[in-house]
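Residue strings, one per chain:
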Amino acid sequence: MPIGAERYGSRADTLAFIACLVVSLVVLALPETLRMPISAALRRTVLLPAVALEARASASREERQNTILLRAQRDSLALDAALVPELEAENARLRALLHLRARLGTGFVTAEVLHQTGIGDALTMLLGAGRNAGIRPLEPVVAPSGLVGMTIAADPRTSVVMAWTHPDFRVSAMVEGGKIFGVVAARRGETVGDVMELRGVPYRDSLPTGTPVVTSGLGGVFPRGIPIGTVLGMLRESEGWERTYLLRPAAHPAQVTHVLVLSESLAADSLEAAFDTLAAPADTDAGEAP
Amino acid sequence: MSLAPPRLRLAAVLAVLLLAHLWLRPTLFPGRFAPDFVLVALLFFAVRSRPGAAAVAGLVVGLLTDAVTPTTFGTAAFALTIVGYAAGWLKALVFADNLLVTAVFVFAASWVRDLLELAASNALRSGAVGTQLLVVSPVAALSTAAAAVVTLFLFRPLLRSAPAL
Chain A
96 MPIGAERYGS RADTLAFIAC LVVSLVVLAL PETLRMPISA ALRRTVLLPA VALEARASAS
156 REERQNTILL RAQRDSLALD AALVPELEAE NARLRALLHL RARLGTGFVT AEVLHQTGIG
216 DALTMLLGAG RNAGIRPLEP VVAPSGLVGM TIAADPRTSV VMAWTHPDFR VSAMVEGGKI
276 FGVVAARRGE TVGDVMELRG VPYRDSLPTG TPVVTSGLGG VFPRGIPIGT VLGMLRESEG
336 WERTYLLRPA AHPAQVTHVL VLSESLAADS LEAAFDTLAA PADTDAGEAP
Chain B
2 MSLAPPRLRL AAVLAVLLLA HLWLRPTLFP GRFAPDFVLV ALLFFAVRSR PGAAAVAGLV
62 VGLLTDAVTP TTFGTAAFAL TIVGYAAGWL KALVFADNLL VTAVFVFAAS WVRDLLELAA
122 SNALRSGAVG TQLLVVSPVA ALSTAAAAVV TLFLFRPLLR SAPAL
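If you read the sequences in order, they're chains A and B. Per the working numbering: the first sequence = residues 96 to 385. Per the working numbering: the second sequence = residues 2 to 166.
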């Protein structure tokens, strides 16, 4: 609908327009000395709330932009901070490796564990060093805390490790001091990598909880004295002939990131000094398996 | 349909436009092509009022606008007086409810306002006047027209049948 047709401009409107036009021209013709005080007076009075609101809006926009910028900076810092514990842990592991390296002297290769996805990673591990670095099959793989497994294949640049969690893994073990011997294997039916079994312990011998178990050096693969785990308790007795004990592993394959692959030349040696496993067995009470 | 008096509804829409000019424009459109919500308010008022009232409104709005740009004090008053009066006079030809007509109307008013301000500020001899009138002013007028269309679309029930002042 064409609005206002009935309200068309009258003479009064024309006069008002002319008056307004004259006022605007007068304002336009004002000298600079009068313009500034008038405009300043308007800004200080009528326009004060409007100018304040506009200033607040501009500040709000600036704050929003600053917030976006700060959020981006905070996210970057959070990302960096999230990496700090991992870096600290890795630093500690590397320091431990260096300490072990110093005590081992020669006859080993350091390698990084290339963890893979899937459940197979808990049984076998891929190392970032291979035949070119001197790694061969059937060589012991250790972490600073103890035994991890042994190599079963060596490619030029990578190698495969059978972790102690593998069902086929066995290692000859002894209680520190060489008084009691047995065979250690992963405990079947348990969560992979959680616990292991010490089998074949003579019935006449009992192991207190907390007793350290190390490699015995028998078999020609693992040197003597590498920590395997500590006794958690007796698991079962086999008709009065032998006992089986539950062990808490010294090293969890899923948690290691760097390992040492010991050379074949060390197989006949004793690493008890390197791993500090010369101490007497822990003097604790015997306990049953949970 | 709102039960408020038509003049109150128009005043509410004008207040919203004023708030948009003071708050929304600096927040969302900080550049030189920002829509001029005050001009939209003036035009909405002008097409719904007598030409004399529109001229007075144009003068007042122009003076207040000049107060924040004192170096060209009086130019906006001059330009908006003419634009306001013309808008009030042209209302006989304007279909105020039509979005397209409103857009063209506001675009033209914004560009003419800039032209008048340039003339009043003695800037027509400036070398940049071509860029101002052919590039900057049309784009700014376009954004102002878009703001007018959005406002009309949102508040059409309130603006319909607003009386003459």
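Quick caveat, the hints were computed from the structure, so don't treat them as lab data. Among these hints, one or two may not hold up.
[Unchecked claim] Simulated restraints, written as ranges between beta carbons of each label pair:
#1 A:R156 with B:V137: 34 to 44 Å
#2 A:E157 with B:P6: 32 to 42 Å
#3 A:R190 with B:F30: 56 to 66 Å
A virtual CB, placed ideally from N, CA and C, is assigned to each residue, including glycine.
Results of checking the hints against the structure:
A hinted range of 34 to 44 Å is violated for the C-beta pair R156 of chain A and V137 of chain B, which are about 22 Å apart. Restraint check, E157 of chain A to P6 of chain B: a C-beta distance of roughly 40 Å satisfies the suggested window 32 to 42 Å. The hinted range of 56 to 66 Å is satisfied by R190 of chain A and F30 of chain B, whose Cβ atoms lie roughly 58 Å apart.
When held up to the earlier numbered hints, the structure conflicts with hint 1 and nothing else.
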